[in-house]
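Required output: the full structure, derived from the provided sequences and hints.
There are 2 protein chains.
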Amino acid sequence: MTTVKEIGERKIIEIIRRKLSLPRMPIPFGDDVSGVKLGDNQIAVLKTDMLVGKTDVPPGMSFWQVGRKAVVMNVSDFAAKGVKPIALLAALGVPSAFLKKNVVQLANGLSAGAREHGAYVLGGDTGEASDLVVSCSLFGLSERRLIPLRSGARAGDIVAVTGFFGKSVAGLKLLLERASSSSTVSRKIFLDAVLLPKARLREGFALAQSRAVSASIDSSDGLAWSLYEISRASHAGFLIDHLPVAPEVLRFAQRNKLDPLELALYGGEEYELVLTIKPKLWQRALHAVEQVGGRLLRIGTVTKKTEMILRWNGKSVVIEPRGWEHFRRRG
Amino acid sequence: MTTVKEIGERKIIEIIRRKLSLPRMPIPFGDDVSGVKLGDNQIAVLKTDMLVGKTDVPPGMSFWQVGRKAVVMNVSDFAAKGVKPIALLAALGVPSAFLKKNVVQLANGLSAGAREHGAYVLGGDTGEASDLVVSCSLFGLSERRLIPLRSGARAGDIVAVTGFFGKSVAGLKLLLERASSSSTVSRKIFLDAVLLPKARLREGFALAQSRAVSASIDSSDGLAWSLYEISRASHAGFLIDHLPVAPEVLRFAQRNKLDPLELALYGGEEYELVLTIKPKLWQRALHAVEQVGGRLLRIGTVTKKTEMILRWNGKSVVIEPRGWEHFRRRG
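Line order of the protein sequences matches chains L and P.
Positions 2 to 332 (this note's numbering) are the ones given, in order, by the first sequence.
Positions 2 to 332 (this note's numbering) are the ones given, in order, by the second sequence.
Just so you know, these hints were derived from the structure itself, not from any lab.
Heads up, a few of these hints could be off.
No copy labels: a pair is met if it fits in one copy or bridges any two.
SDA-like mimics (lysine to any residue), calculated; alpha carbons at most 25 Å apart, straight line [claimed, not checked]:
{"no.": "1", "residue 1": "Lys85", "residue 2": "Pro27"}
{"no.": "2", "residue 1": "Lys6", "residue 2": "Asn109"}
{"no.": "3", "residue 1": "Lys12", "residue 2": "Arg25"}
{"no.": "4", "residue 1": "Lys199", "residue 2": "Pro24"}
{"no.": "5", "residue 1": "Lys85", "residue 2": "Met26"}
{"no.": "6", "residue 1": "Lys12", "residue 2": "Arg116"}
{"no.": "7", "residue 1": "Lys258", "residue 2": "Arg285"}
{"no.": "8", "residue 1": "Lys174", "residue 2": "Ile16"}
This is the structure we're talking about:
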């Protein structure tokens with residue numbers, strides 16, 4: 002009989018969606034967040050995302066960092082939709098031999114993660130589980146017209162991201178494999194990307210307010226996968242002519258004989274935003290992000306044909322529909 | 002070093018609470034639900050509760066029932082506060098060998114549980130975990146003045162419950178131990194209490210609307226524990242003179258040489274509401290519950306002294322502060 006391992010996370014979500022009776026929703030099922038209409042154009046925005054020790058906690062991560070990461074995973078989806086979180090609830094499952102001092106660290110990390118993004122931990126639940134499990138749920142408010150969906154990309158729109166890619170996967174390779182970095186500076190950059198990920202909340206909020214964004218998603222499953230998600234939802238393709246590989250990642254790839262494309266496109270655990278911007282409003286978008294101290298990198302163009310092409314070193318290659326997926330390792 | 006097993010769930014929650022920086026909240030931390038003020042007296046009501054296969058799924062429970070129970074656990078807390086759920090998000094953690102058909106059952110159970118209470122499953126998350134974990138979060142709307150807290154009980158108030166106790170623990174003893182029941186009817190009653198628990202949403206909503214309730218809590222940690230929680234929050238005591246033991250439970254206790262008091266007071270997994278009612282409004286409360294086809298059983302009185310006394314068979318005994326607690330078995 003078929004197991005979840007054989008079908009993979011995305012198929013499972015598809016199976017579940019088909020079993021649900023769904024109402025009219027201001028934000029479609031499967032987008033980064035869910036929404037409930039409150040009247041007066043206001044929308045209650047909801048998100049839940051579960052951190053599991055086994056798959057989401059690399060060696061070397063402190064429990065404070067675990068708590069904070071569980072928050073960042075959720076805030077990143079709010080960031081993609083330009084919504085500031087107000088309240089966070091956390092359900093903890095911990096093994097019975099888990100140490101009290103680690104609970105304290107975890108709680109401090111949860112609280113710090115929430116406060117860092119302007120939210121408060123208002124409640125939660127605790128119980129026994131075999132793995133460490135931290136399931137957060139977020140609540141916020143926005144207006145429907147201010148929320149960019151995954152489905153709004155149109156041919157001619159500019160594709161942009163809020164930062165460079167490949168640092169998290171480099172960090173994971175430092176922690177999990179025997180990769181090495183060329184300098185202590187780049188080592189710190191890579192480890193910080195894994196252990197202290199940043200949700201691009203200020204950027205996402207400023208961009209949503211600018212109304213220049215036609216589609217948006219966070220990149221927690223990798224850049225390639227995020228582009229495919231927008232492509233599927235928007236029925237459009239992409240020509241990526243400026244792959245945003247971090248310069249340190251290029252050096253790291255060379256040193257460890259790795260493919261920099263692989264690192265930048267298919268690594269998960271990235272928390273940059275992937276956006277499409279209306280070309281006439283590009284300057285406005287750029288200005289909005291710069292105002293909050295962020296970066297907006299133009300990486301390509303939305304195309305009518307639903308192809309996914311990367312120009313790299315004078316050649317054209319097809320970006321593959323893969324990335325980080327639970328139950329399956331890359332592939 | 003101290004483990005969570007040694008300190009128990011309630012102490013863990015207390016430790017976590019001390020680590021949080023809390024804002025002004027319309028509903029205090031540690032009550033059945035959390036709240037965020039929306040203006041115009043409206044409150045966004047939030048709850049998260051995690052079902053873990055290891056501790057919350059008895060043998061004989063189908064995956065449909067598991068999905069539904071994960072919803073009921075959350076709805077029961079909304080019921081205690083008189084709030085109708087609108088949206089539910091579910092984060093699933095499943096072992097990689099979990100069968101696809103069981104995911105389908107689980108999704109059907111989640112959806113059925115939500116629809117049964119007027120809510121919809123709007124989104125969620127799926128990942129790999131060692132245990133089956135179903136972490137639900139609920140969203141609803143209410144008004145602050147309509148939400149009974151745990152802290153409002155006053156001396157002279159009537160203590161009431163929405164049904165009889167002891168059936169769930171009897172059901173668990175049928176499933177887990179070698180207990181037997183005297184009839185197929187009572188066997189079905191006990192098993193249904195465990196496998197198809199009912200959240201008292203209609204009763205809780207009607208009671209909150211009646212404004213007759215001074216304090217309220219659900220009884221998922223057992224009747225004794227629920228009384229102690231109200232006692233602690235309200236700085237009051239209880240005299241319980243009509244212990245609501247289900248008649249089938251009295252027979253079951255006799256047959257299996259068990260103490261019916263133990264079954265009714267200290268068993269967990271009950272989903273009745275435990276309430277205190279302003280005495281002048283008792284008839285109004287009774288009427289409100291009867292209107293929705295429910296039951297309201299008067300079981301005692303709130304006292305000024307913070308004692309917890311039970312009158313039973315002409316004797317007075319002290320109710321102990323114990324009940325179901327994660328990480329600890331009874332006691």
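* To do: Evaluate Lys6 and Asn109 at a C-alpha cut-off of 25 Å and name the case that applies: within, between, both or neither.
  => between (34 Å within a copy, 20 Å between copies)
* Asked: For Lys85 vs Met26, is the C-alpha pair at or below 25 Å within one copy, between two copies, both, or neither?
  -> Both, since 20 Å and 18 Å are each at most 25 Å.
* To do: Have a look at Lys174 and Ile16 and pick one of within, between, both or neither, based on CA distance no larger than 25 Å.
  => Neither way: Lys174 and Ile16 sit 33 Å apart in one copy and 35 Å across, limit 25 Å.
* To do: Can you give me the call for Lys199 and Pro24, within, between, both or neither, at a CA distance of at most 25 Å?
  => between (34 Å within a copy, 24 Å between copies)
* Asked: Are the CA atoms of Lys85 and Pro27 at most 25 Å apart within a copy, between copies, both, or neither?
  -> both (17 Å within a copy, 20 Å between copies)
* To do: Measure nothing new, just compare the shortest in-copy and cross-copy C-alpha distances for Lys258 and Arg285 to 25 Å and report within, between, both or neither.
  => neither (40 Å within a copy, 77 Å between copies)
* Could you figure out if Lys12 and Arg116 sit no more than 25 Å apart (CA to CA) within one copy, between two copies, both or neither? => Between. Shortest inter-copy distance 24 Å satisfies the 25 Å Cα cut-off; intra-copy 35 Å does not.
* Asked: Is it within, between, both or neither when you check Lys12 against Arg25 at 25 Å Cα-Cα?
  -> Answer is within; shortest intra-copy Cα gap is 23 Å, inter-copy 42 Å.
In this structure, the earlier hints numbered 7, 8 are contradicted, and the remaining ones agree with it.
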